[in-house]
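Here are the chains, one letter per residue:
Protein chains: 2
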Amino acid sequence: MSAPLRLGIAGLGTVGIGVVKIIQKHADLVSVRCGRPVTITAVSARDRTRNRDADLSEFAWEADAVSLAQRDDVDLFVELIGGDAGVAKDSIEAALRAGKDVVTANKALLALHGQELAELAEAEGRVIRFEAAVAGGIPVIKALTESLAGNGINRVMGVMNGTCNYILTRMESAGLPYETVFEEARQLGYLEADPTLDVGGIDAGHKLAILAAIAFGTRVNFDAVEIEGIVRVSIDDIHRAEDMGYRIKLLGVAQMTARGLEQRMSPCLVPADSPLGQLNGGTNMVVIEGDSAGQIVLRGAGAGEGPTASAVMSDVIEIARGTRLPTFGRPAASLAAAQPARTAVPAAYYMRMELQDKPGALAKVAAVLGDSGISIDRMRQYGHASRDGVPVLVVTHKTTPEAIDHAIAALPRTGVLTGDPVELRIEEV
Amino acid sequence: MSAPLRLGIAGLGTVGIGVVKIIQKHADLVSVRCGRPVTITAVSARDRTRNRDADLSEFAWEADAVSLAQRDDVDLFVELIGGDAGVAKDSIEAALRAGKDVVTANKALLALHGQELAELAEAEGRVIRFEAAVAGGIPVIKALTESLAGNGINRVMGVMNGTCNYILTRMESAGLPYETVFEEARQLGYLEADPTLDVGGIDAGHKLAILAAIAFGTRVNFDAVEIEGIVRVSIDDIHRAEDMGYRIKLLGVAQMTARGLEQRMSPCLVPADSPLGQLNGGTNMVVIEGDSAGQIVLRGAGAGEGPTASAVMSDVIEIARGTRLPTFGRPAASLAAAQPARTAVPAAYYMRMELQDKPGALAKVAAVLGDSGISIDRMRQYGHASRDGVPVLVVTHKTTPEAIDHAIAALPRTGVLTGDPVELRIEEV
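Just so you know, the sequences run in chain order S and W. Heads up: the first sequence runs through residues 1 to 429, numbered per our numbering. Heads up: the second sequence runs through residues 1001 to 1429, numbered per our numbering.
Source of the hints: derived by calculation from the structure; they are not laboratory data. Possibly wrong hints are sitting among the right ones.
To be verified - These stretches of chain W come out as covered by chain S in the derived footprint (C-beta under 8 Å, 3 or more residues): (1) 1100–1113; (2) 1150–1162; (3) 1271–1279; (4) 1294–1300; (5) 1316–1329; (6) 1353–1366.
Unchecked claim - With beta-carbon atoms standing in for the labels, derived distance ranges: (7) S:E242 <-> W:P1195: 39 to 47 Å; (8) W:G1013 <-> S:Q339: 37 to 45 Å; (9) S:Q24 <-> W:E1124: 33 to 41 Å; (10) W:G1013 <-> S:G260: 33 to 41 Å; (11) S:G281 <-> W:D1028: 39 to 47 Å; (12) S:R97 <-> W:G1013: 46 to 54 Å; (13) S:D53 <-> W:A1344: 33 to 41 Å; (14) W:K1398 <-> S:E402: 36 to 44 Å; (15) W:G1322 <-> S:Q24: 44 to 52 Å; (16) S:D64 <-> W:G1322: 54 to 62 Å; (17) S:D53 <-> W:T1196: 32 to 40 Å.
Even for Gly, the Cβ is constructed at its ideal location relative to N, Cα and C.
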């Protein structure tokens, strides 16, 4: 049996305490699986006096995470503080410079400073692992970095924010508008302190940027992710999409095209009977398409104490076993600065509009679509149910985002709409 | 850049050629991901003259896999011959003794001789990896061995034979009897030379035994897997199960109980709207339940050139990167000889029987169920549709397999059945 791997854990929120509990509960199991014990030397958090759901009495306490990261009796620094800068970044850098490996769950930090940290880790001969940063307990970082390493990756997709998926599925099942369910979610404690991180798609966008970097061997580029949150998803669209056989998901898609790397996080329609369409509540799903493996679907809890701590432990055990991988699965210097590309891959689109109830209105709409080069797969006009006009739904054949933009700009000029038209991409899954 | 990892590939069927193609197509990608080139030195197969879909001219040819395994210019021996003994086993042993690491896709060999091979590998300081042995391109070995290594595993389940799932879903969608679809599958080339390996549940049983060993830290024990194939699944049961909201799958389940390790591979009902229930055609799915991670679902192609070769490459790249794991995720000596246990975990059951159309028949059936300690969740009696009698379906509340066995033995003695009763377990998923 080799020497123990000694952990310093910074951040004792839900996930940090979850990690402490696993190490205490499964010490023997982890030891036999690693060929060496995994122990905790010291911990740190903002408030020492807070009552926590674990016995921390055997660990040294550091008031400062940077000091924790530099302790001589710490081999591996576990950063669970969070935040894209400040003490999280400082302490990780201090750990690497002090010759410690790092495990983190910090998606924002990796999405914004991943390249810089990967370069520092390599320069210091240290590793950074971050399975918990994306999709909680789902082993998606390992799947991309290792299991599919022999594949060219065609596309990575995923529902990676459980709060948004909860809100969308709850709107559908309870027939409630966005604002009501948002307020429910807030009261249930599902939302971040700044809820736009969740419902604005930013948290999920961070995760997508990390996956894209590994999948395509590119420098992580969060700024290039086209992000739209779920705020404009109406209960009307959820119901109309359902009528047409779809569900609306906040879906992240990254794919490399001849024009560059497309990364988008936006509300999309997916077939109701697809694995993504069947995903309810807070569960996450990542779909990876490899040129040899085909489509691999991974599903599980995207957040929560146990699942996230399980992912952190996966990294801890990997390092305890002596596995040493480059941060994004290849040397940092080999990561290319990909050309960011606006979404151009054609897709079918869903369009909803309200028409004035008068002769020729539908003809004008159809003419605009035709002029935009959009051909119609299915169109459905509803009875005069709305106070605003006659609801009309269109599912287009595959078309370009440019054609859709053209149509959306031109439709109001027909003078037959009673409001703004809505469009949502139907992602092929 | 380190020295290349030099492969010797034994077996040039679909998977072997798939591996050759990936290494030829993605040489640069693999090299940058591994930090060293991966090359093929030599290959072997039974028939050198066969026309193969890859250029093998740059590789040395060995007529004998054992000689290939012992070549000085081979670092890693890739066994893709198959079979639970003979040259596959001989060549792997020769490779390990000659100081080579081994990658194999051979589920039968690992299910029957896994412990012995793991011990040999450890004694020689070598590793054996086998991601391709279970569920094709789905990274389930890595998920269990690494991603969930910090979890106590509660249960592992899976649909792991694509041919059986194809047959069952085709019976359902086309309304065809087993024999007809079996013959279709044979003509499509979906069946092994000995089809009982597929439809008899043996191939899937091999896979389950391997997963159980990793999940529970036990010596692989294929002989203890309770196996029943899909031969007795009738189109009637498929339709009746559908009526009740279920689908029938050849489902493997392994779980550790106080009585010992339960391993079974058998046709089961699962809810039609569960991920397992929605699995169609040749796709595989593995569900792992960890005490921290919760339920992780992995889905993908379970067979075929690309997916299986992708899994082989995952192991090759792992070894090229210098990762060295014990065969079943912990030292071979630490693997416990688990007490095998017959299925005792309670479950709901589906029962179908044909009753004589006379007064009191249903009462007698209900009495037998009551006497057996079985309480009824739902019962449905159909109109006189069958030539054999009145079909009656029962879905029980959770009960023990013993109670079901008791009822199945007692029911014919009522004298009101026109044939044998059928029972199928409803696995909780």
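Hints violated by the structure (listed by number, smallest first):
Violated: hints 1, 6, 14, 15, 16 and 17.
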